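Asker: Spelled out, the chains give:
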Amino acid sequence: MFPGIVRSSSRHLPCRRSLMTVRDALNSAIDEEMAADPKVFVMGEEVGEYQGAYKVTKGLLQKYGPDRVLDTPITEAGFTGIGVGAAFQGLKPIVEFMTFNFAMQAIDHIINSAAKTYYMSGGQIAVPIVFRGPNGAAAGVGAQHSQCFAAWYGSCPGLKVVTPYSAEDARGLLKAAIRDPDPVVFLENELLYGENFPVSSQVRDPNFTLPIGKAKVEREGTDVTITAFSKMVGFALKAADELAKDGIKAEVINLRSIRPLDRETINASVRKTYRLVAVEEGWPQHGVCAEVCASVQEETFDYLDAPIERISGADIPMPYAANLERLALPQIEDIVRAAKRACYRSK
Amino acid sequence: MAASSLASRAVASLSPSISTGASRDDAGSSSVVGFHKRSSAFTGRRVRISSGHGSSAAHGRRSCVVAATAAPVKESPLKIADALVTREEGLELYEDMILGRCFEDMCAQMYYRSKMFGFVHLYNGQEAVSTGFIKSLKKDDYICSTYRDHVHALSKGVPARQVMSELFGKATGCCRGQGGSMHMFSKEHRLLGGFAFIGEGIPVATGAAFNTKYSREVLKDLSVDAVTLAFFGDGTCNNGQFFECLNMAALWKLPIVYVVENNLWAIGMDHFRATSVPEIWKKGEAFGMPGVHVDGMDVLKVREVAKEAIARARRGDGPTLVECETYRYRGHSLADPDELRKPEQKNKYAVRDPIAAFKKYLLENGLASEADLKTIEKKIDEIVEDAVEFADASPLPPRSQLLENVFADPRGFGIGPDGKYRCEDPAFTAGTAEV
Chain A
1 MFPGIVRSSS RHLPCRRSLM TVRDALNSAI DEEMAADPKV FVMGEEVGEY QGAYKVTKGL
61 LQKYGPDRVL DTPITEAGFT GIGVGAAFQG LKPIVEFMTF NFAMQAIDHI INSAAKTYYM
121 SGGQIAVPIV FRGPNGAAAG VGAQHSQCFA AWYGSCPGLK VVTPYSAEDA RGLLKAAIRD
181 PDPVVFLENE LLYGENFPVS SQVRDPNFTL PIGKAKVERE GTDVTITAFS KMVGFALKAA
241 DELAKDGIKA EVINLRSIRP LDRETINASV RKTYRLVAVE EGWPQHGVCA EVCASVQEET
301 FDYLDAPIER ISGADIPMPY AANLERLALP QIEDIVRAAK RACYRSK
Chain B
1 MAASSLASRA VASLSPSIST GASRDDAGSS SVVGFHKRSS AFTGRRVRIS SGHGSSAAHG
61 RRSCVVAATA APVKESPLKI ADALVTREEG LELYEDMILG RCFEDMCAQM YYRSKMFGFV
121 HLYNGQEAVS TGFIKSLKKD DYICSTYRDH VHALSKGVPA RQVMSELFGK ATGCCRGQGG
181 SMHMFSKEHR LLGGFAFIGE GIPVATGAAF NTKYSREVLK DLSVDAVTLA FFGDGTCNNG
241 QFFECLNMAA LWKLPIVYVV ENNLWAIGMD HFRATSVPEI WKKGEAFGMP GVHVDGMDVL
301 KVREVAKEAI ARARRGDGPT LVECETYRYR GHSLADPDEL RKPEQKNKYA VRDPIAAFKK
361 YLLENGLASE ADLKTIEKKI DEIVEDAVEF ADASPLPPRS QLLENVFADP RGFGIGPDGK
421 YRCEDPAFTA GTAEV
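For the record, the sequence lines run as chains A and B.
Under UniProt numbering, the first sequence has 343 at position 343, and the numbering climbs by one with no breaks.
Under UniProt numbering, the second sequence has 393 at position 393, and the numbering climbs by one with no breaks.
In short, the hints are calculated from the structure, not lab data.
Note that the coordinates shown come from a computational prediction; the quantities given were computed from them, not determined experimentally.
One thing to keep in mind: the hints can contain errors.
Unchecked claim - Simulated crosslink set (SDA-like; lysine to any residue; CA at most 25 Å straight-line):
| no. | chain 1 | residue 1 | chain 2 | residue 2 |
| --- | --- | --- | --- | --- |
| 1 | B | Lys420 | A | Pro157 |
| 2 | A | Lys116 | B | Gly118 |
| 3 | B | Lys170 | A | Tyr119 |
| 4 | B | Lys359 | B | Gln345 |
| 5 | B | Lys187 | B | Glu92 |
| 6 | B | Lys213 | A | Asp67 |
| 7 | A | Lys63 | B | Ser215 |
| 8 | A | Lys116 | B | Ser333 |
| 9 | B | Lys420 | A | Asn207 |
| 10 | A | Lys238 | A | Arg271 |
| 11 | B | Lys135 | A | Gly247 |
| 12 | B | Lys253 | A | Glu49 |
| 13 | B | Lys420 | A | Lys63 |
| 14 | A | Lys116 | B | Gly416 |
| 15 | B | Lys135 | B | Ala356 |
| 16 | B | Lys283 | A | Gln105 |
| 17 | B | Lys187 | A | Lys63 |
| 18 | B | Lys135 | B | Lys420 |
| 19 | B | Lys187 | A | Arg271 |
| 20 | B | Lys307 | B | Glu188 |
| 21 | A | Lys116 | B | Cys423 |
| 22 | B | Lys360 | B | Lys379 |
| 23 | B | Lys170 | A | Glu32 |
| 24 | B | Lys220 | A | Arg310 |
| 25 | B | Lys253 | A | Asp71 |
| 26 | B | Lys374 | B | Phe119 |
| 27 | A | Lys63 | B | Glu217 |
| 28 | A | Lys63 | B | Val218 |
| 29 | A | Lys116 | B | Glu404 |
| 30 | A | Lys272 | A | Asp223 |
| 31 | B | Lys138 | A | Gln124 |
| 32 | B | Lys253 | A | Pro66 |
| 33 | B | Lys135 | B | Thr86 |
Extracted from the complex, chain B is given alone in its bound form (with noise of 0.2 Å):
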């Protein structure tokens, strides 16, 4: 059948790289067959989809030969991004990684503890995603995420004990406990939020992308070069919001990438049951922007694919848009029985584990040791547990903090013709506003 000759050519053509040998000093060439392959998705170039492909049958999905997604789960997939990464960048993604993971499983723990409390979403499962993606960024891009957003606190620079403060409602939390579990914000760390509304995220996060613009184009400050990445949902990608965005980004050749986590379900709604057309990547295309598809259990694949998308936004050719594959181990948040999956799709990703997958990469390509694993973890251990010493012993927000912060304006009257806050002028008692 035409598509299985068009998935197993797909392979060989990656087979080179693996059968040369292809060593760590060979990066340059070995995988340059895989970005060829890659690259194609980026200048829009229709893409080929591979129906009835081997491992996800199971739901009929389809995934697309785009080559970073083309080995079947049966081979490591990881063996084909063989010299991508050093032994300093591996260990990195493995830490952060382990932190996400460690620091979600201690979140539920808390929960059912009492300390953390109200809507909390876990980001189980889904690691490579945020690992891979913000990892790839510079200290100076933003990004923007949904309820979902612990993981993307952490990848991104946000200390473990203010994330974990803000869940347990300490005024040491990064938004003084006023946020919340899914209103994690950081001004010094570039994450704008933390949104309960799925697709809100997203026009916040193409207007940071517009301030970059703008601030080049009209401020003339080159030194802005800041790209922004927005995390959101399969869900979401059904929603009015989304399309507008993809249209206007496109339109304006906006410096943003847009991530789908796409773990299959809303909730309790199966993608396939809530969308017409299943594959997201494609309708990047229907807004002339390049759509593209990763496995996201797999670290190093997402990353080669954020690298691209995101130098692709800072070059200023515009948006890219990334369907990751993954999912997440738990419910949708710890209040959701997650009684509509079935244990054998679980099942299926279970053996997927990008943490497991990656750790096997790392040992088998000499990257690490076991040793040098199990420090990391211990490490990770301890930071997790200080968090939450840090975060029970913090003091809750004082009653004062309770009207604070509504306006940046401190009286909320306005700044007067000497640029000054009226509420300073003392002369600002008269009743009315005669000029």
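Isolated chain A (complex conformation) (with noise of 0.2 Å):
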């Protein structure tokens, strides 16, 4: 149209994905709400000059100085509650644990002084504190550092409790976290750290965040529901795909929030393809994939097309050996042969 001008052969861009890690995801959360808010500040231990232990923290204290970044002596009955005590006076706390089995020696404090304080003083307390760090199994650290604490925190009213699996989750949960007047649980997990996940420029933008108490559904599928949360919804969607090859769509459920928990998202889910199987980390008895089975039982019944399956930990302490580790908890193949089960192909 315009003599003399070329027109040059269309270029096909390089699609660029933007990829984050976890450990990135929960590292830029942190650092936006505190740039946002002064009362949000870190406390545990090595969170400060050892950049963190897992190094979520990493660069924290360079940005802003050691009165918000505290490195803790080895005392988490003490810190923890010190954090309870601030977080009744409104200032925000984001307590760090080594790992959630180290939060055993302050459990007393997460249940007795932050849960349960805005009903015992009858709506006056509230306590807007996160407990953060490392739940579930690592690889071969043993029985002592290998426990998946979602069950249990599950159950206690006046906690929240949140499970991030993806980059996405981990910003968007946190951050609604930190935000949040509620005392909650975020468990994370340590393999999870240097995994790379997709995100969009929504999940970058400094508001960002996640509901806590929604599920979401990872993929969609018709035959059998896979409910998971953390490190499994990996497992489950790997397992998903064998499954396809065989020609079962399975639907995966990333749960993200085990208090409350999103029986709605379970139950519709249900409802459309009549099979279920949970699956977990931790240890079966009145586990978290107990409740999910529980929940679909009462509400979904007549749906119900096979008996639920769960799958979760083998009921021992984490033994060391790697083969050992291995068999006590769940493979892809054994999520591929409980979704068969559901849907009866297999025995």
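Hints given; two lone chains; assemble the complex.
Answerer: Below is the structure:
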């Protein structure tokens, strides 16, 4: 149309997927919330000079100083209680536990002085605190470092309990937790810290938060519902890929929130697929899956075409030997087998 | 023996203030002697112990030669604190102690009439500690207590009506009937609980002190200068959280005073059977803070130590550990048969009743007349009776209250990016959380 101008061939720009690790997601969430609200501060072991035992708080000490990033002595009960006492006054502590196993030394404060206080005081004193740290099994760390605490904290009224899986979950849920006026137990997973996930520009926005109490359908399906949280979501998605090869279309639900548990989403899904496989890494008795099963049995019994399947960690303290550890935790093949059982495709 | 000469020397150094017949106007000079002795404790210098000191030999308890406790029981200990209180202050202290005693006695009555139930722990005998400390605070200061918290609540200003209603489990209680005897909270009066687990309140109180420091240093709000008091017992001083907090409070120089109400018994466990080093005040020094021992049956002595410790905290000089030697006249709780404490011990402390002693002091020093005190006693009787009537007449919490106040966030779904509660968003019905 314009003489003299040669149209160049259209170039296909490479499609750049924006990736973010879970660790960076957590770090950026804390950073942004600390920048936005001076009442937010971090306390825990090695969060400052060591840059975080798992480097989640990297760079924060340099940016915000030792008054807002506190290296505490090894005194879980003491410093957790101090965090709770500070939260009573409207400050917003983020208490990091090196792992949630160590939080057992502070569980009195998480439950008795954080979770119960708003109720006990008749609505006078709210506790806007976040307890965060790695939860569940890592690799070869033995029995005292491998417990999953989702079920224990999930049973306690007054607590909110969230379990992010992807970087998007980590960012959105942590920001929501920090802004939340109630105590939130934020269960991360050590093995997920280094994993990369694609994130949209929306996720990177400083105001991005996810709702607490809502699950996400990670993958839609029609034949069987698989619920999972934290690391098991990844396994469930891989299991769904395997099942697809056999013509079974699995719907994978990332619970995201253990308390409040999104019963509507789970039940709506089962009303669609008529079959359920509930997966968790923790111990079976009184686990999260037990609650999922009870909820579905109560609300969607008539829709079920098969008994509900539960996949959980073995009912033993975590062994150290690598092969035994592998046997003690749910693997992708276990989920596949259970889904096939639910679909009456195998014994 | 060296020890007793130390003791007598301590008494002797105080006698100038007595023999010069220091009047109230001489407050500055006569009381200074005593203060200097006590202030040495605050600078952390070691205070020597006199062992086998008369009055407390029975249990091998050693009272240290801090001036406040040097005087043996036989002399009226309050004479030393001669010019330390005005008439108004004296009447206020007396009224507060009488309120505490009267209220607790009424609690016992109500419990046996089944108006009150569950676990009820009474404070009779320890009034001097609550009054002496809490009446030295400002309104904005915080206190944190244990399950033996009724009198702390009253001293801090929570109306007797609200405390009694809470004990009756009525909706008009300070916690709407949801807390009970062991869980008194009042945001308005800066009472941070009310905890059943011993030691649990110590970190929470330390956190409140942390808030003062954070507000001043990070949020740059210099109007915040609240000091926090943590009250707890002798049994708690063997608990890990106690030591963890002494360490952190000293490390971070938090504005807190740790007040040990050492009444020698943790339910049925004698302090000396449970503790390797029974002198609790000594443990302060191990963590770099002054440890002070005071006669907790003498409200004026407690008050002087309290004032100094609170001032120290407010100045920014850090925490203090104060051990108050006191006694509870009743059992651990109303369900405790109290069979293990010997009558000799009980009698020994019965004659040191802080209220009787202070009454005597007020009368002897012409600060009040019998009539004045009777008026106060009558007024308190009426307040407590009124509290009972109010509590009786108050309604039980409605059924709808059962599920309220679990979360500050109305439905527990958190806050959205717009800063509002998600449950208030009519669109919050999506089954998935697609962004």
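Asker: Now tell me, hint by hint, if it's right for this structure.
Answerer: Against the structure, the hints:
1. B:Lys420 - A:Pro157: It holds: about 22 Å lies between the C-alpha atoms, which stays within 25 Å.
2. A:Lys116 - B:Gly118: 18 Å, holds
3. B:Lys170 - A:Tyr119: 15 Å, holds
4. B:Lys359 - B:Gln345: OK: Lys359 of chain B and Gln345 of chain B at ~23 Å, within 25 Å.
5. B:Lys187 - B:Glu92: Status holds; Cα separation ~23 Å.
6. B:Lys213 - A:Asp67: 10 Å, holds
7. A:Lys63 - B:Ser215: 19 Å, holds
8. A:Lys116 - B:Ser333: 23 Å, holds
9. B:Lys420 - A:Asn207: 12 Å, holds
10. A:Lys238 - A:Arg271: Within the cut-off at roughly 23 Å; holds.
11. B:Lys135 - A:Gly247: 77 Å, violated
12. B:Lys253 - A:Glu49: 21 Å, holds
13. B:Lys420 - A:Lys63: With a Cα-Cα distance of about 29 Å, the restraint between Lys420 of chain B and Lys63 of chain A is violated, given a limit of 25 Å.
14. A:Lys116 - B:Gly416: 24 Å, holds
15. B:Lys135 - B:Ala356: The given pair, whose Cα atoms are some 19 Å apart, holds under the 25 Å limit.
16. B:Lys283 - A:Gln105: 23 Å, holds
17. B:Lys187 - A:Lys63: 34 Å, violated
18. B:Lys135 - B:Lys420: 41 Å, violated
19. B:Lys187 - A:Arg271: 47 Å, violated
20. B:Lys307 - B:Glu188: 23 Å, holds
21. A:Lys116 - B:Cys423: 22 Å, holds
22. B:Lys360 - B:Lys379: 19 Å, holds
23. B:Lys170 - A:Glu32: The hint is violated at about 44 Å.
24. B:Lys220 - A:Arg310: Given that 25 Å is the threshold and the Cα spacing comes to 53 Å, the pair is violated.
25. B:Lys253 - A:Asp71: 15 Å, holds
26. B:Lys374 - B:Phe119: With Cα atoms ~32 Å apart, Lys374 of chain B and Phe119 of chain B exceed 25 Å; violated.
27. A:Lys63 - B:Glu217: Judged against 25 Å, a Cα distance of about 16 Å means the pair holds.
28. A:Lys63 - B:Val218: Roughly 14 Å between the alpha carbons, so the hint for Lys63 of chain A and Val218 of chain B holds.
29. A:Lys116 - B:Glu404: Measuring from Cα to Cα gives roughly 12 Å; hence the hint holds.
30. A:Lys272 - A:Asp223: Distance of about 8 Å is within 25 Å: holds.
31. B:Lys138 - A:Gln124: With a Cα-Cα distance of about 21 Å, the restraint between Lys138 of chain B and Gln124 of chain A holds, given a limit of 25 Å.
32. B:Lys253 - A:Pro66: 14 Å, holds
33. B:Lys135 - B:Thr86: Satisfied, since the Cα-Cα distance of roughly 14 Å is no more than 25 Å.
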